[in-house]
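**Q** Heads up: the protein sequence lines correspond to chains A and B, in order. Counted from 1, the first sequence has number 127 at position 100 by this note's numbering; the numbering is strictly sequential. Counted from 1, the second sequence has number 486 at position 97 by this note's numbering; the numbering is strictly sequential.
Don't read these hints as lab results, they were simulated from the structure. Think of the CB as a built atom: it goes at the ideal place given N, C-alpha and C, for glycine as much as any other residue. There are no misleading hints in this set.
The calculated label-pair distances, taken between Cβ atoms and stated as ranges, are:
{"#": "1", "chain 1": "B", "residue 1": "Leu466", "chain 2": "A", "residue 2": "Asp138", "range": "28 to 38 Å"}
{"#": "2", "chain 1": "B", "residue 1": "Phe649", "chain 2": "A", "residue 2": "Ser143", "range": "32 to 42 Å"}
{"#": "3", "chain 1": "B", "residue 1": "Leu558", "chain 2": "A", "residue 2": "Ser296", "range": "53 to 63 Å"}
{"#": "4", "chain 1": "A", "residue 1": "Ala230", "chain 2": "B", "residue 2": "Val532", "range": "53 to 63 Å"}
{"#": "5", "chain 1": "B", "residue 1": "Gly489", "chain 2": "A", "residue 2": "Asp306", "range": "32 to 42 Å"}
{"#": "6", "chain 1": "A", "residue 1": "Asp138", "chain 2": "B", "residue 2": "Phe649", "range": "27 to 37 Å"}
{"#": "7", "chain 1": "B", "residue 1": "Phe430", "chain 2": "A", "residue 2": "Ser143", "range": "31 to 41 Å"}
{"#": "8", "chain 1": "A", "residue 1": "Ala347", "chain 2": "B", "residue 2": "Arg500", "range": "39 to 49 Å"}
{"#": "9", "chain 1": "A", "residue 1": "Asn332", "chain 2": "B", "residue 2": "Arg473", "range": "49 to 59 Å"}
Over the 12 Å line for every Cβ pair with chain B, so calculated as not near, a few chain A residues:
{"#": "10", "residue": "Pro70"}
{"#": "11", "residue": "Ala99"}
{"#": "12", "residue": "Arg211"}
{"#": "13", "residue": "Thr221"}
{"#": "14", "residue": "Ala226"}
{"#": "15", "residue": "Asp236"}
{"#": "16", "residue": "Ser251"}
{"#": "17", "residue": "Pro254"}
{"#": "18", "residue": "Ser325"}
{"#": "19", "residue": "Gly331"}
{"#": "20", "residue": "Pro346"}
{"#": "21", "residue": "Ala347"}
Here is how the chains run, residue by residue.
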Amino acid sequence: MTTHRPIRRRLAVVTAALTLLAIAAGCSSSDDPTLEGGNGERPSIVVTTSILADVTRSVVGDAAEVETLVPAGADPHSFEPSAAQVARLHEADLIVANGLGLEASLGGFLDSAVESGTPLLEVAPELGPIPFGNATQASEHDHGGPDEHDGGSDSHGDDGHDHGAGDLDPHVWTDPDRMATAARLIGEAVAEHTGVDAATLEANAAAYDAELRLLDEEIQATLSVIPPEDRILVTNHGSLGYFAERYGFEVVGTLTPGGSTLGEPSAASLAQLADTIRDLGVPAIFTEVGADDSVARSLAAEVGNGVEVVALHTDAVGPAGSGAETYVAMMSTNARLLAKVLAP
Amino acid sequence: MTWITEPFGYGFMQDALVAGLLAALVCAVVGTWVVVRGIAFIGDAMAHGVVPGVAIAFQVGANLVVGAVASAAVMALGITLVARRRRVGDDTAIGLLFVGMLALGVIVMSRSSGYAGELTAMLFGNPLGVDDGDIVLLAVAAVASIVLAVTFHRSLLALAFNSRKAEALGLRPRLAHGVLLAMVTVAVVASFQAIGTLMVFGLLIAPPAAASLFTRSVHSMMVAAAAVGCTSAFVGLMVSYHHDLAAGASIAATAVVAFFVAFVARGVLDALAPRRVVQP
Numbered sequence: 028m029t030t031h032r033p034i035r036r037r038l039a040v041v042t043a044a045l046t047l048l049a050i051a052a053g054c055s056s057s058d059d060p061t062l063e064g065g066n067g068e069r070p071s072i073v074v075t076t077s078i079l080a081d082v083t084r085s086v087v088g089d090a091a092e093v094e095t096l097v098p099a100g101a102d103p104h105s106f107e108p109s110a111a112q113v114a115r116l117h118e119a120d121l122i123v124a125n126g127l128g129l130e131a132s133l134g135g136f137l138d139s140a141v142e143s144g145t146p147l148l149e150v151a152p153e154l155g156p157i158p159f160g161n162a163t164q165a166s167e168h169d170h171g172g173p174d175e176h177d178g179g180s181d182s183h184g185d186d187g188h189d190h191g192a193g194d195l196d197p198h199v200w201t202d203p204d205r206m207a208t209a210a211r212l213i214g215e216a217v218a219e220h221t222g223v224d225a226a227t228l229e230a231n232a233a234a235y236d237a238e239l240r241l242l243d244e245e246i247q248a249t250l251s252v253i254p255p256e257d258r259i260l261v262t263n264h265g266s267l268g269y270f271a272e273r274y275g276f277e278v279v280g281t282l283t284p285g286g287s288t289l290g291e292p293s294a295a296s297l298a299q300l301a302d303t304i305r306d307l308g309v310p311a312i313f314t315e316v317g318a319d320d321s322v323a324r325s326l327a328a329e330v331g332n333g334v335e336v337v338a339l340h341t342d343a344v345g346p347a348g349s350g351a352e353t354y355v356a357m358m359s360t361n362a363r364l365l366a367k368v369l370a371p
Numbered sequence: 390m391t392w393i394t395e396p397f398g399y400g401f402m403q404d405a406l407v408a409g410l411l412a413a414l415v416c417a418v419v420g421t422w423v424v425v426r427g428i429a430f431i432g433d434a435m436a437h438g439v440v441p442g443v444a445i446a447f448q449v450g451a452n453l454v455v456g457a458v459a460s461a462a463v464m465a466l467g468i469t470l471v472a473r474r475r476r477v478g479d480d481t482a483i484g485l486l487f488v489g490m491l492a493l494g495v496i497v498m499s500r501s502s503g504y505a506g507e508l509t510a511m512l513f514g515n516p517l518g519v520d521d522g523d524i525v526l527l528a529v530a531a532v533a534s535i536v537l538a539v540t541f542h543r544s545l546l547a548l549a550f551n552s553r554k555a556e557a558l559g560l561r562p563r564l565a566h567g568v569l570l571a572m573v574t575v576a577v578v579a580s581f582q583a584i585g586t587l588m589v590f591g592l593l594i595a596p597p598a599a600a601s602l603f604t605r606s607v608h609s610m611m612v613a614a615a616a617v618g619c620t621s622a623f624v625g626l627m628v629s630y631h632h633d634l635a636a637g638a639s640i641a642a643t644a645v646v647a648f649f650v651a652f653v654a655r656g657v658l659d660a661l662a663p664r665r666v667v668q669p
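The shape of chain A in the complex, shown without the other chains (with noise of 0.2 Å):
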């Protein structure tokens, strides 16, 4: 009735099936990724995420080679590296992080490349952090001009990164002032870490400054058709904090609570996001590229009065011809999209 065929042989079968795999596996790595990776002539540079790559080579310009870890448009929550990666990451010159719990969800692999020697630069805790959500009840949001953000530390790679999000608030890129200070900070890092020339990066750091202060500008120039009255956001997750404390913008509310990808909105805060919205005559509700706007839509469709969903490239650079190819561009196109919606 039954077999007695010995165990072994089976496993034998079993084994050498994957033996072969593994086999396979290695075989064909004559086109190997890696190999270039970490040994190239030129230092290398992991930034996290796609915004800090774009300022980090405007830094260091052909300098350096400089690898974005979470490409644009990947979720960082269910983003998985490749071994090859974690390797180029453990092999790199510098690591610049955002910081502020923003990369929780990379694990532990940024950790152990920390532990393993590489240096680390995390950025957002030295550009003077605002508490989560203040923008929300905050109205006492008068900027007065550029603000000095002390940058003091350079680089951390001491104390590896905290892996508790807090209460501050981590989206400190859609602020340019803070990222001009970002890029002195990241030029200060690579001249430290890399071997590339000082004063070329402080050129090159001067130079983005000066392009970021205009890009401030325009930015101001182009929101100053919205008076200070209609300065109101309502938005999709809580990203724009920073965006509205530089620019004199309250937000009245955010659909999705505590920024996680788990939290969903109550029916009572829509019911009342809804009042907000009709009562203020708010026309827009702003939401990111590449997000789910479901909800914002029904509850444009539940105010009416032609309020808009607009999305804006508050998380990652967008895509050539998506006017949003670099910081620059992501935060002049955001400026004009607010200006055309919210001005009167």
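Add chain B to chain A, keeping to what the hints say.
**A** Coordinates of chain B only, in the frame set by chain A:
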């Protein structure tokens, strides 16, 4: 041989391999019972069952792992309680607790005022981000699950094949069911922490399933599952390195491919020996 020595020249690859081998061992022992008992869904359910505990721990500033373990324990107790009713099947009990816990987790997280970001991702590890603490945790889980499996072997066996008879023999099938859930909780929660969900599911189900096609006793099934699981961890890491693919997913996919290789091999062997009837 550089295609082996080069990847494992990195410390993180060695750590990933050690963690993978330990997880394969834990998952072989626990997964064999999970597959024999037919409750494969438990792994996925546990991963989501820890969410409310983690969310509450985050809100009150407690240790996230403590929250996860407490949450998993509540879930295991709930499943045992509900499944006591003969009319409610195991999978229904698991599903019920799964959705209940996940709903609670989303409710708690949605009331969060701070930046909760990727709360669950913080709890779930990645094979390439394993540290010494993770390896210790996995080693402890491996020892705990083996001790439980050895101690309750007879009860688990009786539970798996005939729970009425087990009761008559005084083997306490309900206790055995509780033990099985405790084993799953220990093994799965520890492994999530260390290596992430996808790899755990892959190693929990696929190697024991592959082994079940070629073995006739629980012991040999566990041994074969451990062999398949360890090989999958090794092959998966190699593939991830040489072909630039997501690591945890590569390991899970390799384990599933191993199952289908075994599946086809079983079919071929049966075709070559048509007189022999194989019973499940």
